[in-house]
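Asks: If you want the building blocks of each chain, they are given just below.
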Amino acid sequence: MLFMYALTGVGLFFIGLYTLIIHVNLLRKILALNIMGCGVFLVLISLAMRSGYSSPDPVPHAMVITGIVVTVSATALALVLMLKVLEMTGKAELYDEEEV
Amino acid sequence: MMQFVITLPWAILLILFPLTGAIISFLWPTQSNKVGLVTVSFVLISVTFLAFSIIEHGVYHHAIGGWGSPLGIDLYADGLSLLMLLMTALVGLGVSVYATGYFSAEQSPRFWPLWLFVIAALNALFLSADIFNYYVTLELIGLAAVSLTAFGKSREAYSAAMRYLLATLLGSLLYLLGVVLLYHGFGSVDIATLSERCESTPILWAALTLISAGLLLKTALFPLHFWLPSAHASAPAPVSAILSALIVKSSFYIFLRLWLTIFGPLSEGAVENMFGLLGAIAVLWGSFQALRQTRLKLLIAYSTVAQIGYLFLAFSLAMSGAVVAWNAVVYLAFTHALAKSAMFLVSGNILYFGGHDRIMNLDRIAQHLPITTTAFALAGVSIIGLPPSGGFIGKWFLLEAALVQEQWGFVAILLIGSLLTAAYIFKVVSHAFTQSSLPHDSRPIPAHMEWAALLLAFAAILLGFFSSSILSVVGIGYPFELNGVKP
Amino acid sequence: MIVDKKKGIKRMTRLLLIVLLSLLAAALGYVILTLPKSAVNLQELVAHNVATSGVSNPVTAVLLNFRAYDTFLEMVVLLVAMLGVWSIKEVPIEPITDIRNPVLDTLSGLLVPFLILFSAYLLWVGAHAPGGAFQAGSVLGAALVLLLLSGRQPFLAFQGLYLHFTLVASTALFTSIALFTLLVTGELLKYPLAQADTIIFILESIATISIGLTLALLFFGIYAKQKEKQ
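Residue numbers (this note's numbering), protein chains in the order written: chain W, 7 to 106; chain C, 245 to 731; chain A, 645 to 874.
Hints are not guaranteed to be accurate.
[Unchecked claim] A partial selection of chain W residues facing chain A, derived with a Cβ cut-off under 10 Å:
1. G17
2. I28
3. V49
4. D63
5. I74
6. V75
7. K97
[What the hints assert, rightly or not] Pairs of lysine-lysine residues, derived as BS3-like cross-links and limited to a Cα-Cα distance of at most 25 Å, are as follows:
8. K397(C) x K97(W)
9. K869(A) x K397(C)
10. K397(C) x K90(W)
11. K871(A) x K733(A)
12. K651(A) x K97(W)
13. K834(A) x K733(A)
14. K97(W) x K681(A)
Just so you know, these hints were derived from the structure itself, not from any lab. Cβ atoms here follow ideal geometry from the backbone N, Cα and C, with glycine treated the same way.
All chains should be modelled from the sequences, with the hints used to inform the complete structure.
Replies: Take a look at the structure:
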C-alpha cells in the first residue's frame, strides 16, 4: 500500500516535469515545479513507515518540513520575478533575445 | 600562542562570521560597505588559520550537536574542501573590493546581505558531509544568486534571472529526489555512512542518474547549459564574477565529492566516459560560441561553459586511477575562478568606462585603461593555458593523463580547445588596441576597481608557480583515493 | 500550410516527450518497487536519543536538536527569499485597503484571533505531539495574510528598524546560540542537557514569529499597491 503512494509521487514528479518543459507561461512553470516538489515529498514520506515500528521514521518528516519551507520561499521569489517580467515585457513568458 | 590560535574552531567561524556580517549589514544599511569588507577579510583570515590547522593536524572533523553521524550532521574538511574554501575567500575579497566601487549607495544595502549570505552558504557547502545539508545550502545559494542576478534591472536581466531560477529549482528537485532514493535505499544521508553501505543496486543507479541530472544542470554542463549565458551576461559585473567563479563550482564540488566517495568506487566505466564525452562537446561548443559573440560579457559567459567542460574531461581520464587527472580538476577549478572573476570585473570596468561592451567598439581601451587591459591579458593567459599560469598547470596535467593512457581523442580536444580559446581571447585583446568608429563619452574608473581585477588575474598566474605546495595541501585526507572510506 | 507543418512538428515533439517521460517514470517506479518492505533507517537511533534531546516529539527532536543545523540554514533561506523579493520589488508599496467584501470582513474578524491562538497552541504542543515552530509559523502567517486580504494594515506597528529586527530575529538568535554553545561546550549547537528544552522552546517561539512575519511579507510583496506620492 505504501508503494502506491510512492508511485503516485513519481507520477506527480514526471507530470510536473512535462508541464515545466512544454508550457510557455511562467505561472504554469512555477506551478509545475510545485507539483514536482509535492511528488518528491510524497515519495519521501510514503516510504518512511518501513522500519517495523508502530510510528513512522521521523527523519523524513523533518526533511519534508525543511523542504516545504524552502519550496515556499523559492515559489515566492519566483512569483515576484514573474510579475517583474510581466511588467517589463507585457507577457508572463521568458524573453528570448536574438543573439547577434 | 600560535598553537592555541590554530586550535580555534575556524571552520565553524567560517560559517558564522559571514552570517553575522550579513545580519549586521542588513540592520545597518548605511555602513554596509564597511561591514562587508570587514567580514570578507575575516573570512580570508579564518581560511588561512584553518589551512594551518589542517596542514598541521590533518583532516578537520566536527560532529554538530555532539551527536555524530548518521544521527546528526558532520562537518568535514580535507585538502579538497580547503582549496575550495580558499578559492571562495580570495575571489570573495577581490569581488567585494570591486563591489564597493561598483554599486550605488541605494544598491549597496541590498547587495551586501545577499552576497554575504552567499559566502556563508558556500562555506557551509564546502564543509558539509551530509547530502541533505547539501540540498539546503544549494537552495540558499540558488535563491541568493537569482536575487543578485536581478540587480541588473533590465528586461534581459529579469528574464535571465527567471530562467536561472527555474533551472536551479529543477536541478535542486532532481537532486533531492536522488537524495530521497539514497536515504530509503541505504538508511542514511551522511556521506561516510553511505560510502560504506552503498552497493550496486538499481536504487543506487537511479539515485546517481537523478543526482547527476540535477547537479549537472546547476553546473551548466552541455547540454544543460542553456540558462548560463544570459544569466551570467546580464547580471552586474561583480555578480557575474560570483556566478561564474564560485557558484557553478559549488554544485560541481558536490558532484565530485559524491562521485569520489559513493558512486565512483561502484562504477564500471560507461558513466565516466559519458561525462568525458559531454565535457569534450562542452569545450568545443562553448569555445566556438564564444568566438561568435559580439558582446564581451556573452563571450566570457560562453567561455565559462567551455571551461566547465574541461572539468568533466577528468572523469574519463581518471578511470585507471590516475590521480593527476583529479589534481588537474582542482587546479583548473581554482585558476578558472580567479581568472574568470578577473575577466568579468574587467568587463564591468569597460562597461563603466564606455557605457557598452561591444567588442568591435572597444576604442583603445589599452591606452585609456592600461591596468584593466593587463588584467584581461593575464586572465586570458591563464584561461588559454599558456605557461607559466595556473591554467597551464591544470591543462598540462590533463594532457599528461591523456597521453599516458593514449587517449588521442582527448589530446585532440585539449589542443583544439586551447586554439579556440586563444582565438577568442586574442579577438578581444586585439580590439582593445583599435580606435572605435563611434564616439562616446567616457567615465573615469575608481582605482580599486581596476586593481581588484588585476590582482585576481595576477593570482591566477601566481598559482602556476606554487604547484607542488598546492598539490601537497590538496592531498591531505586523500580525497582522491577511490577506496570510498572516510574517517 | 507552413503553420500546419509547424504544428505537426510541435505535436511530434510533445508525443516524443510524453513517451520519454513515461518510460523514465516507469523505470523509476520499478526501481522504487525493488525497495524491501522493511528496512534499516535512522528511526532506532532517534528513538534511542530522544530522551536526552529536550523534547519528546521525535520530529521536533530531529528538527531542533539532532539536525538543528539544517533548520538554522533553512531560516536563512527564508530570510534570503525575503531579501530577494525586497531587492526586486523596490517601489514603495502599501497594503490595498479599499476592499469592500463583507464575507471576508466577517470571516477575518472571526478567524484571525482564533488563528493566532491556534498558532500559539501549535507552538506549545510541538514538544510532545505533532506541532512545532514551522506549523505555528505557517498558521500565524495565514492570519496575517488574511488581514492583508481583507484590506487591513497589519504592519503599521512594524516600521523600519523594528521590522528589520523581527525578520532577522530567528536567524540572529540561532547564530547567537550557535556561538554560545561553541564557547560553552566546544561543539556547535550542542545544547547543555539541563537547558535543552528551554533553548528549544525559545528558538521555536522566535522562529514562529519570524516565519509568520516573513511569509506574510512575502505575500505582501505580491499583493500590494504602489504608495501614493504625497
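Asks: Hint by hint, note whether the structure agrees.
Replies: Each hint, compared with the structure:
Restraint check, G17(W) versus chain A: the minimum CB separation of about 6 Å is within 10 Å; hint holds. Below 10 Å, beta-carbon pairs count as interface contacts, and I28(W) has one with chain A at about 6 Å; its hint therefore holds. This hint holds: V49(W) has a C-beta 7 Å from the nearest C-beta of chain A, less than the 10 Å allowed. Below 10 Å, beta-carbon pairs count as interface contacts, and D63(W) has one with chain A at about 4 Å; its hint therefore holds.
The interface hint given for I74(W) is met, as the beta carbon of that residue sits about 8 Å from the closest beta carbon of chain A, less than 10 Å. Taking 10 Å as the C-beta contact cut-off toward chain A, the hint placing V75(W) at the interface holds, the least distance being around 5 Å. Against a cut-off of 10 Å between C-beta atoms, the interface hint on K97(W) is violated, since the closest Cβ of chain A lies about 18 Å away. Note on K397(C) and K97(W): the hinted pairing holds, with a Cα-Cα distance of about 17 Å set against a maximum of 25 Å.
A hinted pair counts as satisfied when its Cα atoms are at most 25 Å apart, and K869(A) with K397(C) qualifies at roughly 20 Å. Taking the CA atoms of K397(C) and K90(W), the gap is near 10 Å; set against the 25 Å cutoff, the hint holds. Restraint check for K871(A) and K733(A): the C-alpha separation of about 12 Å stays at or below 25 Å, so the hint holds. With a C-alpha separation of about 22 Å, the suggested pairing of K651(A) with K97(W) holds against the 25 Å cut-off.
Restraint check: the Cα-Cα separation between K834(A) and K733(A) comes to about 39 Å, which exceeds 25 Å; the hinted pair is violated. Taking the CA atoms of K97(W) and K681(A), the gap is near 49 Å; set against the 25 Å cutoff, the hint is violated.
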